[in-house]
Amino acid sequence: MGNEVSAKQILSAAEDIVKDIADFGDSVNAEVRNHTGGRRKNPYVFIEVEASQWRELALWLKKSKQVDYCSMITGIHWPEKADAAWQVVVHLLRTGVSNPSVVDKRVHEIKVDIDALSGNSIPMEFEISMSIPDTREPSVPSVADIWVGADWNEKETWDLVGINFDGHVGMRRVLLPHDSPTGYHPLQKQHKLRYHDFNEMYDDPQGFGRKPEDSGRVK
Amino acid sequence: MAEMWISMGPQHPMTHGLWTLKVKVDGETVVDTEPDLGYIHRGVEKICEARDFTQITTYCDRLCYASANTWSHAYIYAAEDLLEVEVPERAEYIRMVAIELQRIASHLMWLGAYCPDVGNLTGMVWCLREREMMMDLLQELGGSRMHYNFPRVGGVKRDLPIGFALRCRAKLKLFLERIQEYEAILDESTIFLVRTQGVGYAKAEEMINHGVSGPNVRAAGHNYDVRWAHPYSVYDELDWEPSVERPSIKGSDCYDRYRVRVEEMRQSALMILDGLDKMPGGADTHYQSGDPAIIGKAPARAAEGQTGFHHFEDSRGESMFYLAGGGEERGKHPYRVSIRSPMFITIPYAAKCMIGYKIADIPAIMGSFDPCIGETDR
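Each protein sequence line maps, in turn, to chains W and E. Those letters in the first sequence? Residues 0 to 218, by numbering that gives the first Met the number 0. Those letters in the second sequence? Residues 0 to 377, by numbering that gives the first Met the number 0.
Bound-form chain W, shown alone (with noise of 0.2 Å):
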């Protein structure tokens, strides 16, 4: 009781974060936003920024705000929208991890005193949105090299969604087979799955009754 991060402090740091980031200007918007669902409805920074932006905007997360984690990056198809039939959404922590420090040749354990957390040191998500312009090669800044995290994350947006980062060293397949086609990307809205947009498995839950849209197509 007690030994948990309250929604105060979360709020506070949080709204520290973006008044700083509003010195990027227009390019890079933040807000704070609030869990939705469940008993506590913590808050969180959301930054919406453009590709162009990302690399120095995370650098300086990294610099000046200690986040030290890439949790997720996530690529989305939205085909529909012209201008924006992209998005990448990157999912930063800031978990204030540091290596335990040697006294007297003997290491301590840390142990965190979460009332005296204060600055940089709250534990902090992070939303990033980038959205990009329809293309057939849509591709955003790699940061694998400021979070090592984000290397595998990348790999696997660029193996199931098709979103290349620029700059990232090794890119290949991971979950898909290594000699899938080139530009076969599953996750990408082209590629139906039976059943998709309808409800008619519950009419047909054999899926006798139709084929796949993509039957026929060579994958």
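Quick caveat, the hints were computed from the structure, so don't treat them as lab data. One or more of the hints may lead you astray.
Below are the DSS-like pairs computed for lysine-lysine, each with C-alpha atoms no more than 30 Å apart in a straight line [stated by the list, open to error]: (1) W:Lys62 - W:Lys18; (2) W:Lys61 - W:Lys18; (3) W:Lys80 - W:Lys7; (4) W:Lys64 - E:Lys296; (5) W:Lys110 - W:Lys80; (6) E:Lys202 - W:Lys64; (7) E:Lys45 - W:Lys188; (8) E:Lys21 - E:Lys357; (9) W:Lys110 - E:Lys21; (10) E:Lys296 - E:Lys277; (11) E:Lys296 - W:Lys7; (12) E:Lys156 - E:Lys331; (13) E:Lys357 - E:Lys202; (14) E:Lys23 - E:Lys357; (15) W:Lys110 - E:Lys249; (16) E:Lys249 - W:Lys64; (17) E:Lys351 - W:Lys110; (18) E:Lys45 - W:Lys191; (19) E:Lys351 - W:Lys80; (20) W:Lys61 - E:Lys357; (21) E:Lys331 - W:Lys40; (22) E:Lys351 - W:Lys62; (23) E:Lys249 - W:Lys61; (24) E:Lys45 - W:Lys40; (25) E:Lys351 - W:Lys104; (26) W:Lys40 - E:Lys296; (27) E:Lys331 - W:Lys191; (28) W:Lys7 - E:Lys277; (29) E:Lys202 - W:Lys104; (30) W:Lys110 - E:Lys277; (31) W:Lys80 - E:Lys331; (32) E:Lys331 - E:Lys202; (33) W:Lys62 - E:Lys202.
Model the placement of chain E on the given structure of chain W, informed by the hints.
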């Protein structure tokens, strides 16, 4: 000496699943590694785009065959964030019981698999014996032994069965005593100590930068835990403290990672005992399924442009789901489901961690990170 590449896997006792570790060796020493994943990629993220929010729970159960409940709950919290659902407090307590029982069962499965990895067959039998108690309790809750499909958007499928609290308390008290047996058999086994101590050093800051989290980081001397850093559920009302281990100057070795998981099982057991006492309405009460005390009202559709995500402390590290809603037009399916698997990120790091050690250390190092391929490949 000449260097050469050898493949460990896809069928190999070290892998704990289907994947390949390509190892470049110079004599007996590992000089480079390259993990090769994706053998059991099922496309869960794509399948979920054609399922409604309740149906997805079943797929999330199957992400990890050793830790089904933590995965379905990780999803359900993200779905509740997307759909803006209020959860009754009693349901949160029941969920906490389910998650922590599953965490114990998962760690026992890990220890049961790790003991034979490092030459201790007795440990496996003992761990699976205690895991059976946890499976019985989870079966009472969810109705089946492995894939429970227990949480619902807004609450839980069923209330605690009558007499569950009594049996749960008795089994956990027995379990807390039996943990000492593992410590006795492992901490005093020379073979176990020789094979785990001083092997596979990893430092906390480096792990966080590589995206590794959970027990592996806590073993390296920092008690970071999503359950206190980004609190959810009722963890703020329970009496517990995150397990943490004192590593050596070089970082945490395989032995630290074993110690921290044993401590975590103990904390989980205490958490459940505490939660059963504090449960609103009492742990001996039984509400019918669908009662507003255990399940809240939830919309079936998410509004256009709405998103939800939730960081969750899985038994292997931080897992999360990101959901984008489809709006009225697309019906009640999510537009995009994205899954963050802790082991997908940890396996490449564990593979780097082996460089410089001998081939014989590979099973000990890999096993100590608790790989699970079901969630890795999705």
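Cross-check of the supplied hints:
1. Our distance criterion of 30 Å between C-alpha atoms is met by Lys62 of chain W and Lys18 of chain W, whose separation comes to about 16 Å.
2. This hinted pair checks out: Lys61 of chain W and Lys18 of chain W have alpha carbons roughly 17 Å apart, not beyond 30 Å.
3. Our distance criterion of 30 Å between C-alpha atoms is broken by Lys80 of chain W and Lys7 of chain W, whose separation comes to about 38 Å.
4. In summary, the hint linking Lys64 of chain W to Lys296 of chain E is not supported, as the alpha carbons are separated by about 39 Å, beyond the 30 Å threshold.
5. Proposed proximity of Lys110 of chain W and Lys80 of chain W is contradicted: the alpha carbons are some 48 Å apart, above 30 Å.
6. With a C-alpha separation of about 21 Å, the suggested pairing of Lys202 of chain E with Lys64 of chain W holds against the 30 Å cut-off.
7. With a C-alpha separation of about 10 Å, the suggested pairing of Lys45 of chain E with Lys188 of chain W holds against the 30 Å cut-off.
8. For the hint linking Lys21 of chain E to Lys357 of chain E, the alpha-carbon distance of about 14 Å falls within 30 Å, and the restraint holds.
9. Note on Lys110 of chain W and Lys21 of chain E: the hinted pairing is violated, with a Cα-Cα distance of about 38 Å set against a maximum of 30 Å.
10. With a C-alpha separation of about 24 Å, the suggested pairing of Lys296 of chain E with Lys277 of chain E holds against the 30 Å cut-off.
11. Taking the CA atoms of Lys296 of chain E and Lys7 of chain W, the gap is near 28 Å; set against the 30 Å cutoff, the hint holds.
12. Of the pairs offered as hints, the one joining Lys156 of chain E and Lys331 of chain E holds, with about 20 Å between alpha carbons and a cut-off of 30 Å not exceeded.
13. Under the criterion of a C-alpha separation no larger than 30 Å, the hint pairing Lys357 of chain E with Lys202 of chain E is consistent with the structure, at around 20 Å.
14. For the hint linking Lys23 of chain E to Lys357 of chain E, the alpha-carbon distance of about 11 Å falls within 30 Å, and the restraint holds.
15. Taking the CA atoms of Lys110 of chain W and Lys249 of chain E, the gap is about 19 Å. The hint holds against a cut of 30 Å.
16. For the proposed pair Lys249 of chain E and Lys64 of chain W, the alpha carbon gap of about 27 Å is at most 30 Å, so the pair holds.
17. At roughly 28 Å between alpha-carbon atoms, Lys351 of chain E and Lys110 of chain W fall within 30 Å of each other, so this suggested pair holds.
18. Distance restraint check for Lys45 of chain E and Lys191 of chain W: the Cα-Cα separation of roughly 9 Å lies within the 30 Å cut-off, and the hinted pair is therefore satisfied.
19. Between Lys351 of chain E and Lys80 of chain W the CA atoms are separated by roughly 41 Å; this puts the pair beyond 30 Å, and the hint is violated.
20. Taken as a hint, the Lys61 of chain W and Lys357 of chain E pair is broken in the structure, with Cα atoms around 35 Å apart against an allowance of 30 Å.
21. Only pairs whose Cα atoms come within 30 Å are accepted, and Lys331 of chain E paired with Lys40 of chain W is accepted, the gap being roughly 24 Å.
22. Of the pairs offered as hints, the one joining Lys351 of chain E and Lys62 of chain W holds, with about 25 Å between alpha carbons and a cut-off of 30 Å not exceeded.
23. Restraint check for Lys249 of chain E and Lys61 of chain W: the C-alpha separation of about 25 Å stays at or below 30 Å, so the hint holds.
24. Simply put, Lys45 of chain E and Lys40 of chain W have alpha-carbon atoms about 29 Å apart, close enough for the 30 Å limit, and the pair holds.
25. Straight-line distance between C-alpha atoms of Lys351 of chain E and Lys104 of chain W comes to about 27 Å, which keeps the hinted pair within the 30 Å bound.
26. Proposed proximity of Lys40 of chain W and Lys296 of chain E is supported: the alpha carbons are some 18 Å apart, at most 30 Å.
27. Of the supplied pair hints, the one linking Lys331 of chain E and Lys191 of chain W holds, its CA atoms being roughly 17 Å apart against a limit of 30 Å.
28. Only pairs whose Cα atoms come within 30 Å are accepted, and Lys7 of chain W paired with Lys277 of chain E is accepted, the gap being roughly 25 Å.
29. In summary, the hint linking Lys202 of chain E to Lys104 of chain W is supported, as the alpha carbons are separated by about 17 Å, within the 30 Å threshold.
30. Proposed proximity of Lys110 of chain W and Lys277 of chain E is supported: the alpha carbons are some 26 Å apart, at most 30 Å.
31. The straight-line distance between the Cα atoms of Lys80 of chain W and Lys331 of chain E is roughly 20 Å, inside the 30 Å bound, and the hint therefore holds.
32. Between Lys331 of chain E and Lys202 of chain E the CA atoms are separated by roughly 44 Å; this puts the pair beyond 30 Å, and the hint is violated.
33. The straight-line distance between the Cα atoms of Lys62 of chain W and Lys202 of chain E is roughly 20 Å, inside the 30 Å bound, and the hint therefore holds.
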